[in-house]
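From first to last, the protein sequence lines stand for chains A and B. Residue 5 is where the first sequence starts when you use my numbering, and the numbers rise one by one after that. Residue 4 is where the second sequence starts when you use my numbering, and the numbers rise one by one after that.
Calculated directly from the structure, the hints in this document are not laboratory data. Among these hints, one or two may not hold up.
Simulated restraints, written as ranges between beta carbons of each label pair [to be verified]: (1) B/A120 with A/M5: 29 to 37 Å; (2) A/W32 with B/Y60: 55 to 63 Å; (3) A/R70 with B/N276: 23 to 31 Å; (4) A/R34 with B/N499: 28 to 36 Å; (5) B/L285 with A/K22: 38 to 46 Å; (6) A/A52 with B/I447: 50 to 58 Å; (7) A/M5 with B/N278: 15 to 23 Å.
Here are some of the chain A residues that sit facing chain B, going by a computed Cβ distance under 8 Å [to be verified]: (8) R24; (9) A25; (10) M28; (11) L37; (12) S40; (13) T41; (14) T44; (15) P45; (16) G46; (17) N72.
Using 25 Å as the maximum straight-line C-alpha spacing, the simulated PhoX-like pairs for lysine-lysine come out as follows [unchecked claim]: (18) B/K401 with A/K22; (19) B/K55 with A/K22; (20) B/K221 with B/K252; (21) B/K243 with B/K221; (22) B/K221 with B/K233; (23) B/K336 with B/K401.
From the three backbone atoms N, C-alpha and C, an ideal C-beta is built for every residue, glycine too.
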Amino acid sequence: MTSQHKARKLFVELQNEKERAQQMDVEWGRLQLEQSTLVTPGRVESLARQQLQMHMPQSDQIRYIRSNGVVTGLQ
Amino acid sequence: MNYATVPQTSSQQALPAWRSRVLYVLLLTGMAGLLARAVYLQGIHNDFLQQKGDARYGRVIEVPAHRGMITDRNGEPLAVSTPVESVWASPQDVEMTAKQAKQLAQLVGLSDAEVKAKLSDDSHDFVFLKRQLPPEQARQVSLLGIPGISLQREYRRYYPGGEVTSHLLGFTDVDDNGREGIEFSLQAKLGGKAGSQQVIKDRRGHIVEDVASLRAPKEGSDVALSIDSKIQFLAFREIKQVVEQHHAKAGSIVVLDAKSGEVLALANWPTYNSNNRNKPALNLMRNRAVTDLFEPGSTMKPFTVAAALEGGKFKPDTVINTENGVWTVGGRKIHDTHQKRSLTVAQVIQQSSNVGAAKMALSLTPQIFCRSLSENGFGAATGSEFPGEATGKLRDYKTLRPIEQATMSYGNGISVNLLQLARAYTVFANGGELKPVTLLKQEIPAVGIKIYSETTAREVRDMLELVVKPGGTAPLAQVAGYRVAGKTGTSHKLQNGKYVDRYVASFVGMAPASNPRLIVAVMVDEPAGSEYYGGLVAAPAFSNVMGAALRTLDVPYDAPLNNVLQAPKEIIGEDA
């Protein structure tokens with residue numbers, strides 16, 4: 005009798021944990037989706053261009069630091 | 004009372020013996036009948052009865068399996084399944100008030116009448132009211148607590164990239180089976196196996212779940228593609244822009260890793276959004292880079308030249324008589340756009356001379372010429388396993404007439420898809436080795452097939468570098484900081500067997516030319532307007548995508564940053 009009661013209690017506990025795991029699974033999927041939607045290159049680019057007023061540097065605005073420490077670039 | 008003392012009459016004693024025997028037999032038969040019935044019910048007929056009994060309260064419901072995720076090569080999700088709930092009803096068991104009915108209809112987004120119609124169908128004991136409801140709404144439905152109405156977990160596919168990746172990935176149907184693209188071709192790997200679960204129904208028709216799991220669902224596995232989502236976006240944005248700018252019918256772009264043959268990006272315009280459940284129009288659904296054939300035009304010339312160099316009769320500086328731009332083969336004239344008395348082999352590529360290419364092709368036997376094309380993968384599937392790939396067909400060398408061999412040398416009378424064409428260029432990027440293309444991420448670079456010698460491959464690549472220099476057909480393909488090697492193509496379109504004045508403009512190239520990392524192939528179908536040369540329409544798109552992709556991948560420069568030379572006002576157009 006005692007063991008049967010215990011088994012039932014454990015089963016209920018297992019069900020609860022499963023439920024929790026499932027809820028977290030749902031949440032994870034949602035967050036993953038949300039994150040990947042927020043970081044789509046298209047969105048990042050339009051934010052950078054419009055909100056932050058960024059643009060691609062012209063080739064004469066780029067300086068290169070060689071591995072020997074010499075800075076090169078075009079004036 | 005003492006019965007023994009009751010006097011018994013003789014007539015009673017004279018009761019015939021058969022009566023007790025009859026009674027005895029009757030009882031025995033009755034007993035036998037009952038026994039037989041019991042054996043029948045408990046033994047022979049048991050399964051059926053058990054089943055009927057279970058059917059009164061038990062239900063077996065399907066437990067869907069999670070479909071594997073598709074990611075790009077860096078693990079960015081491209082297609083994700085998230086759980087949603089579907090609302091289903093068992094019409095006989097449904098009892099609800101008018102108010103509940105109204106709330107239910109509102110939650111599942113149907114009209115009252117529609118809900119009623121679905122529930123009045125008593126012939127089924129399973130009816131979907133609404134599939135794929137967001138979890139929030141589904142919870143509210145279950146809070147209504149209507150007997151006979153239950154939720155079932157399902158998965159819905161989302162594509163964060165939307166239309167950027169739609170042709171590549173395709174989509175799944177409402178039952179989570181792949182219908183197009185990679186979702187379709189990798190269905191066996193992505194799709195899980197649904198499990199089943201037994202549930203029981205209580206007196207009021209509510210479902211009590213988790214009685215027993217009959218079969219656990221088997222989850223689908225994740226798939227990592229060779230795609231780089233950043234380059235995919237760059238390629239998509241550019242092809243869209245080019246097609247719109249030139250009011251073209253369509254356009255495609257393919258970016259390959261030159262060393263491994265992996266597809267880094269593949270995009271077309273026009274396209275559709277795979278998140279949208281409405282079935283898109285067929286012409287939007289076509290993944291043109293793979294399913295559509297076109298005549299490549301001059302982008303074929305490097306293969307002609309490579310075959311001629313391998314043949315040993317030509318060197319890059321061999322001078323060819325180009326007959327002032329008109330040459331007659333088998334009664335048909337071959338034209339060049341610019342009349343030159345003679346050109347070297349390298350100049351034939353640089354200025355895209357049809358006469359020169361035809362002469363080189365005809366120096367080879369039809370057999371050798373055709374074999375060299377088929378070795379480069381023309382006329383055969385690329386092995387990308389993309390559904391619906393069109394392979395094109397090569398002519399049989401035995402019936403090839405000289406004029407046909409001549410036109411094939413500059414890409415007329417042969418059709419290819421863009422992926423095939425891009426793949427063929429891997430021979431010039433890998434010292435003569437043709438790489439297999441794949442859409443799946445490769446851990447170790449695939450081994451290709453050696454077709455040309457190292458020297459031939461390098462010589463052709465050097466010629467292709469001349470194409471983007473001033474004096475070539477595609478100075479607009481230059482990229483700051485990198486040496487570029489490539490070839491333009493412009494071909495008339497065929498309509499009812501006749502060439503018409505509509506064009507396909509293309510450019511295929513690789514960079515950095517000193518040690519190619521990427522191959523980009525651009526194809527624009529029917530650019531409307533005065534500009535239709537590959538060097539004017541496709542080359543700028545190539546340059547933009549190639550430059551941005553090389554920077555994204557941090558590929559070291561192999562040229563000074565001021566290498567981009569101003570193109571002359573008049574760009575040499577290759578013959579169309």
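Hints broken by the structure, by number, lowest first?
Violated: hints 1, 2, 3, 4, 6, 7, 8, 9, 10, 17, 18, 19, 20, 21 and 22.
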